[in-house]
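Trainee: Working from the sequences, and respecting the hints, build out all of it.
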Amino acid sequence: MKNALIAFVVLLVSTQLKAQDKKEEVQFATSKTVIQKVEFTVDTVKEMNEVDWDDIFGVFKENAAQDSIEVAVVLKNYKVKNEKDVIMTIPRLRVAVSGQTKDTTELRAQMIRNVEKTTSAIRKFKS
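Read in order, the letters of the sequence shown are residues -19 to -1, 1 to 108 in mature numbering (1 follows the signal peptide of the UniProt record, and there is no 0).
By construction, these hints were calculated from the structure, which means they are not laboratory data. Among the hints, erroneous ones may be present.
Within a straight-line C-alpha distance of at most 30 Å, the following computed DSS-like cross-link-like pairs (lysine-lysine) qualify [unchecked claim]: (1) K98 / K42; (2) K27 / K57; (3) K18 / K57; (4) K13 / K27; (5) K62 / K98; (6) K105 / K27.
Here are the simulated distance ranges between beta carbons [unchecked claim]: (7) A46 / T70: 40 to 50 Å; (8) E43 / A77: 16 to 26 Å; (9) E97 / E6: 55 to 65 Å; (10) I68 / E43: 12 to 22 Å; (11) A46 / P72: 36 to 46 Å; (12) I93 / E43: 14 to 24 Å; (13) S12 / E87: 22 to 32 Å; (14) S79 / S101: 14 to 24 Å.
Quick reminder that beta carbons are idealized off the backbone N, C-alpha and C, glycines included.
Mentor: Now the structure itself:
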């Protein structure tokens, strides 16, 4: 009985040791995040003019050159006022540019021009 117990323990230990010898290699997949669109909302024309476009377009730096991107700024519920009255309310005005990551410099310049033209047009309503 004692020999059978010892044989059983030796057999059990040897199978456990053999099971621990097996080595497996685990490979982890690498992933990359691609940002294709940035859209944000502002409340005033002043905020629209104060956007740091370098920071906004900087989010696309990890994208591939051919990736499609879009940047938009939305002016919501803006009341155009003169000295006395509200002339009109703009419920939603969206200014956007789109293109490829490789063209971020040109897209940034285009966005700045579009925002300047838009805010200039809004100011003309006040006068």
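Trainee: Compare the structure with each hint and give your call.
Mentor: Status of each hint after checking the structure:
Between the alpha carbons of K98 and K42 the distance comes to roughly 27 Å, so the proposed pair stays at or under 30 Å and holds. For a cut-off of 30 Å, the pair hint linking K27 to K57 stands: about 13 Å separates their Cα positions. For the proposed pair K18 and K57, the alpha carbon gap of about 19 Å is at most 30 Å, so the pair holds. A distance of roughly 36 Å separates the Cα atoms of K13 and K27; the hinted pair therefore is violated under the 30 Å criterion.
With a C-alpha separation of about 18 Å, the suggested pair K62 and K98 falls inside the 30 Å cut-off, and the hint holds. Only pairs whose Cα atoms come within 30 Å are accepted, and K105 paired with K27 is accepted, the gap being roughly 15 Å. For A46 and T70, the hinted distance range of 40 to 50 Å is satisfied, since their beta carbons lie about 41 Å from each other. Taking 16 to 26 Å as the suggested C-beta distance range, the pair E43 and A77 conforms, at roughly 21 Å.
Between E97 and E6 the Cβ separation comes to about 57 Å, which falls inside the hinted range of 55 to 65 Å. Between I68 and E43 the C-beta distance comes to about 44 Å, which lies outside the given range of 12 to 22 Å. About 37 Å separates the C-beta atoms of A46 and P72, a value consistent with the hinted range of 36 to 46 Å. Separated by about 23 Å at the C-beta atoms, I93 and E43 satisfy the suggested range of 14 to 24 Å.
The supplied range of 22 to 32 Å is met by S12 and E87, whose beta-carbon atoms lie about 29 Å from each other. Checking the proposed 14 to 24 Å range against S79 and S101 shows it holds: the Cβ atoms sit about 22 Å from each other.
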